[in-house]
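Combine both chains into one complex, guided by the hints.
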Amino acid sequence: MGHDGTGLTHPATAGDPRTSGGGGGHGGGRRVLVIEDEANISEAIRFILRRDGWAVGVHDSGHGALDAIEAQAPALVILDVMLPGDSGFDILHSLRRQPSTAALPVILLTARGGHGARDHAREAGASLFMAKPFANADLLAAVRQLVGV
Amino acid sequence: MPKSALSGTRIRALRNARRLGQADLARLAGVSASYLNLIEHNRRRATPKVLEAIAEALQIPASALDESAGEALVQTLRAAAGRAAPGSPAETERAEELTGRFPGWAGLIALLHARTEALERTVERLSDRMAHDPNLSASLHEIVSAATSVQSTTAILAESEDLDPQWRAVFHANVHADSIRLASAAEALVAYLDSTGEDTALAAPQEEVESWLDRQGWHVAAVEEGEGPRDWSALVGGQADLASAASRELAAGWLARAQADARALPLSALEPPLRAMFATGGGGFAPEALARQFGVGLAQLFRRLATLPPLSGVPRFGLALCDGSGTLTLRRPVEGFQLPRFGGACPLWPLYQALVQPDRPLRATVEFAGRPPMRFVAHAVAGARDPLRFDPPFAWEAAMLLTPASALTGVDSTAVVPVGTACRVCPRTACGARREPSIITGGGAASADGRSGSVDL
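Residue numbers (my numbering), protein chains in the order written: chain A, 1 to 149; chain B, 1 to 457.
Excised from the complex, chain B in its bound form (with noise of 0.2 Å):
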């Protein structure tokens, strides 16, 4: 398995930067100094007890060595090692050690690249509206058609010396008409772009509304009060998160539906057998009994989940949904699921073989391709997106809630599904299902065959 550079780095660096030889260092935390030598040059992975004598050492804490501490950060410098010029590539088997050497730089690199990302999406979302928005679209064509009516007229009055006097005076008519058509459309143009104006603001509206449901720990209280429908235009209309109309749309739409979940599922009826089925002895994570238990769907059970308020003794969820097109509607992200940020996720979550096997109750326990790797009981559900209905357009919606594996006892661990969070920053080169070259060239995840049924811890 390979080894994370960063722990070794960072102690390598840490030493010198005190001055302190390696032999002081591995006396002082009573470690070998040939051992040491190997930690530092990243051939011996620390185990938690010699990381933290080394911590306590140097006098830092010991979470400041933590491999998982920066791994975030250096999954960012491998994306952003795709920005790199043909011919010029980052040296991405490296990006841990500048991680570890240069956490500022390593950090400013992170920065611009998610900037220059926001800045992308921005350009694409305004591409979009010129190629596609009908408003915009037939302001521009009444412009260009009224300017080539004057150009073509007026060159003919300018060139056309001997031009009767009867068509002089048309085409004096048709320029003048011309020009007070154009200075319309002009003004018109200007007012509509002015009047949208907020909707270019750097995030789409998903991501808006998923940010602002972050802030607040993905579980919104007003959900749980009241018993009829409530119009919740004015809890949205003062976030200061959800900037466009379109989010605050969505937003509201969302809560609408939480509050329908809150319903079914009532924190204080949930509660205990959901701490039940965590505790020692209680019998395991079932989803589907808490679903009959209720009488709710398992797509309404998993919403419920992943947004309900930190519970004593009950892990966080993560949640994906996806719309029939396999695009992710929603993302709620845990620790160790990794979530992309454009375009397509990773065709092997069992979200996607739920879409393609509607009503059909997929388990799979999967593990994400993370430094170090993290484990999950996956459960997932396709059906028609409420409400139902006779006449088309028949919506189908997927939903996978994510169980850390952690706090589950009696995960089967012989057959475990690599996955990934999309084919661009997806260190399984050999994987059957990419759909693009990987960006991420060296030190792959625990196995970087995607099609193996289980993978070596």
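Chain A on its own, in the form it takes in the complex (with noise of 0.2 Å):
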């Protein structure tokens, strides 16, 4: 999937952009799910997350984000806000309902970073909420800790 729209070809080490992982480092293999329809967004997130050791999914809508979610079982999910589709609290409200999802660590990235969006966030269930544009250090943390690694 050339999602990057630079019409370039991925490094072969990559692999499938939307399950590609590592086995080294904090994550130990362990998958995270990136919902972000930002595509140059969603690929350096996926290169940090993997080189630490990550397998990194990405999906790039609110469209069938559920189903993505449910097929991959990510440790941790990094989640959009404004998103094609149901958008960001969309897919949040629906994990929280679910039994199965409902502790699943979500970090919230927004565009928005204002108290509003923040309090909105936390209501919805969002275990962190990161206004963009993020530090990769301190998205990085984040997934450490809430996977707690």
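Treat the hints as calculated values from the structure; they're not laboratory data.
Here the structure is a predicted model, which is why all the values come from computation and not from measurement.
Cβ atoms here follow ideal geometry from the backbone N, Cα and C, with glycine treated the same way.
Take the hints with a grain of salt, since some may be wrong.
Stated by the list, open to error - Partial selection, computed: residues in chain A whose CB lies under 8 Å from chain B:
no., residue
1, Glu38
2, Asn40
3, Ile41
4, Glu43
5, Ile48
6, Met82
7, Ala111
8, Lys132
9, Asn136
Unchecked claim - Simulated restraints on C-beta separations:
no., chain 1, residue 1, chain 2, residue 2, range
10, B, Arg121, A, Asp67, 45 to 51 Å
11, B, Glu187, A, Arg96, 39 to 45 Å
12, A, Ser100, B, Arg121, 48 to 54 Å
13, B, Pro333, A, Arg118, 39 to 45 Å
Said to hold, decoys possible - In silico contact screen, one side only, chain A against chain B (beta carbon under 7 Å); selected entries:
no., residue
14, Ala44
15, Phe47
16, Pro133
Written out as structure tokens, the structure is:
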């Protein structure tokens, strides 16, 4: 899936960008699913997580996001708020209603970092709220902390 | 009944400025020194005749001592007092004294208060735009997304010395694409803000329209002319008061409506029966009779009456229109009928009573809590806003016409409804309809109890 919009071929070492992952580092091969429609952002997230040993899946829309979560059974979801189709909040609400995903760690990413958005994210059940733009190190630390590694 | 401190305080200040003793002024005015002393200390209200004599003795126009002359300023000072810091309240009960003794300073405070209100309104509108303008929101989202991508990608490039050359190439290409996207989004945002700059004017569109109508005495002669519909864009296009496109659109809509009202109620046909109603022995003002005679609805008649040119023997009417949400959509003031600039008005207005009883005409004698209190006969009605339609959304509108009670005979003074402008500046502290505390703490109006059916004048 050439999802970066640059027309370039992905490096061979990356494998399938939706499911590529490594076995070492803090991640130990645990799976993180990135639901983000901005291809270059998900590309960067995928890279920094994979380098830390996480297996990373990418889904670029609100459509079918719940199915992707069920199919990939990630240890953590990084979820953008503004998505085509269902919004990040819609997806989060659905996750919290299902017993199997009620406790799944979810990092909510949004371009709006005000108090209102933070309160909304907390009420919706986000494990953590991060405003864009974010520092890679902060995102990585948050993933490690929420999964407990 | 509380006494206004305005006249007494002014007399004392003016007498002192002229280095006149109290006894001297009393002699010149033909009153006793003890009586003048009571007046100066606001313990007695001087009769108009005595005020006239004192003004003559002080060599000033009698109007300068008119208690109602500074009322608007006093009201504004009270409203401004709401800005006082917690723990350091302004002496609202001495607003009249301030106005009487230091009219220049009082005027300056009122001016600063008005200016602050206008700036707050601008900030509110800009905040609304930031929060709700879809174009702006989309632009900002695009910029934040591109900036996020650039920041994360460049951090990888900067911090990964052993980066695989192929990955490095991918990230370089991504940063290049995002930098172009960022530049385009920023350029589009600047162009958008430039093109909508006129809408950052201080006044809201409705205020611009009302200011424009007020400047013309609320009568636009052009609506009396012509038979068919006309394009009002040329007329509203060159008006300095109508600075924004939104206000010009609102004004054009108002003019089209006013023209339809004028056709249904031609001035030449309306004036004779209207004047007859207000003439001595004329039978009294009966808007329902006029509506029947011309075959129009009451709301249309109210709009027409409130925007007629000045007619001898006919009072000036006040008018308030609101939509189904209760938001005032037109405010045509008349002396003694104070209108809120921001937020909702007094919930006891018959306008709102009509809104919950569609198609039922209401009439009530209301008294506004001013100094002096002013009475009006209010006629109100609510109904579907034209044009009628079968498909939603269904829009509702209420209209309230205010006629000064002084212009009418036979007004029922036993069932007067005490009303105010808005809760924030209303002194009727015990009112059951109150939705927020009043900032006016002292020196209330005729009645402090909005639940009572009548008030003591």
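Hint by hint, here is what the structure shows:
1. Glu38: holds (5 Å)
2. Asn40: holds (4 Å)
3. Ile41: holds (5 Å)
4. Glu43: Status holds, d = 6 Å.
5. Ile48: holds (6 Å)
6. Met82: holds (6 Å)
7. Ala111: holds (4 Å)
8. Lys132: holds (4 Å)
9. Asn136: holds (5 Å)
10. Arg121(B) x Asp67(A): 45 to 51 Å: At 49 Å between Cβs, range holds.
11. Glu187(B) x Arg96(A): 39 to 45 Å: holds (41 Å)
12. Ser100(A) x Arg121(B): 48 to 54 Å: holds (51 Å)
13. Pro333(B) x Arg118(A): 39 to 45 Å: holds (44 Å)
14. Ala44: holds (4 Å)
15. Phe47: With Cβ-Cβ at 6 Å, under 7 Å, it holds.
16. Pro133: This hint holds: Pro133(A) lies near chain B, its Cβ roughly 4 Å from the closest one there, short of 7 Å.
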